[in-house]
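Asks: So the sequences go chain by chain: A and B.
Numbering (full-length UniProt numbering) for the first sequence: 1 to 209.
Numbering (full-length UniProt numbering) for the second sequence: 1 to 209.
Watch out, some of these pointers could steer you wrong.
Said to hold, decoys possible - Derived pair list, reagent style DSS-like, types lysine-lysine, alpha-carbon separation capped at 30 Å:
1. Lys-57(A) x Lys-67(B)
2. Lys-67(A) x Lys-38(B)
3. Lys-67(A) x Lys-139(B)
4. Lys-38(A) x Lys-57(A)
5. Lys-139(B) x Lys-139(A)
What the hints assert, rightly or not - Incomplete in silico selection of chain B near chain A, CB under 8 Å:
6. Thr-45
7. Asn-76
8. Ala-112
9. Tyr-114
10. Arg-115
11. Leu-128
12. Gly-156
13. Gly-158
14. Asp-193
15. Val-195
16. Asp-205
Don't read these hints as lab results, they were simulated from the structure.
Every residue, glycine too, gets a C-beta built ideally from N, C-alpha and C.
For reference, the chains in residue letters:
There are 2 protein chains.
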Amino acid sequence: MTEPADTTPSGRRRWPDGYDPPRTRRELVDSALHLFEKDGFDRTTLQQIVSRANLTKGAFYHHFESKEDLLSQIQNEYLDTQIEAANAIVATQTDTVEQLRELIRLSLSGVATYRAHVAIFYQERRHLTGDRLAAVTEKRNELEAVFRGSVERGIGAGTFRADMSGRVVSFGILGMCAWAFQWFNPDGTLTIDEVAEQFCALVLDGLLA
Amino acid sequence: MTEPADTTPSGRRRWPDGYDPPRTRRELVDSALHLFEKDGFDRTTLQQIVSRANLTKGAFYHHFESKEDLLSQIQNEYLDTQIEAANAIVATQTDTVEQLRELIRLSLSGVATYRAHVAIFYQERRHLTGDRLAAVTEKRNELEAVFRGSVERGIGAGTFRADMSGRVVSFGILGMCAWAFQWFNPDGTLTIDEVAEQFCALVLDGLLA
Chain A
1 MTEPADTTPS GRRRWPDGYD PPRTRRELVD SALHLFEKDG FDRTTLQQIV SRANLTKGAF
61 YHHFESKEDL LSQIQNEYLD TQIEAANAIV ATQTDTVEQL RELIRLSLSG VATYRAHVAI
121 FYQERRHLTG DRLAAVTEKR NELEAVFRGS VERGIGAGTF RADMSGRVVS FGILGMCAWA
181 FQWFNPDGTL TIDEVAEQFC ALVLDGLLA
Chain B
1 MTEPADTTPS GRRRWPDGYD PPRTRRELVD SALHLFEKDG FDRTTLQQIV SRANLTKGAF
61 YHHFESKEDL LSQIQNEYLD TQIEAANAIV ATQTDTVEQL RELIRLSLSG VATYRAHVAI
121 FYQERRHLTG DRLAAVTEKR NELEAVFRGS VERGIGAGTF RADMSGRVVS FGILGMCAWA
181 FQWFNPDGTL TIDEVAEQFC ALVLDGLLA
């Protein structure tokens, strides 16, 4: 929420520092993130989203086709960021062990930074339909494939155990990380980096003393 | 769904083999599991639940106070089964490593057997309110505490590494297992027992060759 501002008849908000479409879009996304996470996609109305952002439906339709379009842009925003960062790790870090460490750190920091995005991704994804659902599913598969590729290259190179299934291990690691949105508390005693170190130790070296 | 049957004015169904309240309840739960998972709690109406079960609202109110009551009974059904089995493992298996193995197997077999329960637990839990939410949250904490207790006893006994946080490790393992509802395919190439063996190997011995 920011300071009140005038709105033109077209619904474009005049920010004190000038008309700013990216900022208007950001305010709408932030409002929706808060409301979708709290009340769910179905129970949140378009009017609630624009009211909370102190904007109008005109401003909304300048940026989004519909509530479902906004939901899909929220999902894409998160997945695009994670896919780009994961690909960068795989492209630059050639040591397989370090690569997996960095992917685990990325996944957990994604959960910490984009908590609402992640919660909404899992709780509301089924409200996407058609092409929007297909696009988000494809991106999720792409992100999973980066993790799986890293594990499988490590198995192929003899760095990781040959009796492990790359698919099961990568889903296990992804699940372990994604699940943190259910319990990780940014104000708790452990930082997300410390959680990442524990998860890396667990899946690389195991729990046995 | 079963064969058509007469219904009394009170909404009690006359099954061909006699009046059977547990069976009526089961049909309503199964109908709701299917609809809640497919369309979500909000979009599912009471009428859809009873129609799909070939029953009446009278039959519904004989067993449940409301749609929310039915949702909470679905959550409790799953959690009670898991808590009872987890406590039985801890009570009878004194070897810490085997105890954790059995808890992982239990958690994964729970996901395989109660897929819809688990999906609904994570997607719809926020629709519970008041005492119903408190009761389900308490049971979820109780189940997590059994896992955590097992890990912490293993750390205390020197079986598991002393530099690990029982809280982080147990949430990691629980997340890894719970996440399987997102990807495990009962008709796929791996059985849930094989997934359990891979997860046990991963968290106990680690991925490094």
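Asks: Next step is simple, just say for each hint if it's right about the structure.
Replies: Here is what the structure says about each hint:
| no. | hint | in the structure |
| --- | --- | --- |
| 1 | Lys-57(A) x Lys-67(B) | violated (33 Å) |
| 2 | Lys-67(A) x Lys-38(B) | holds (20 Å) |
| 3 | Lys-67(A) x Lys-139(B) | violated (35 Å) |
| 4 | Lys-38(A) x Lys-57(A) | holds (21 Å) |
| 5 | Lys-139(B) x Lys-139(A) | violated (35 Å) |
| 6 | Thr-45 | violated (13 Å) |
| 7 | Asn-76 | violated (19 Å) |
| 8 | Ala-112 | violated (14 Å) |
| 9 | Tyr-114 | violated (17 Å) |
| 10 | Arg-115 | violated (15 Å) |
| 11 | Leu-128 | violated (12 Å) |
| 12 | Gly-156 | violated (11 Å) |
| 13 | Gly-158 | holds (6 Å) |
| 14 | Asp-193 | violated (12 Å) |
| 15 | Val-195 | holds (6 Å) |
| 16 | Asp-205 | holds (4 Å) |
In terms of the numbered hints stated before, the structure departs from hints 1, 3, 5, 6, 7, 8, 9, 10, 11, 12 and 14, listed from lowest to highest.
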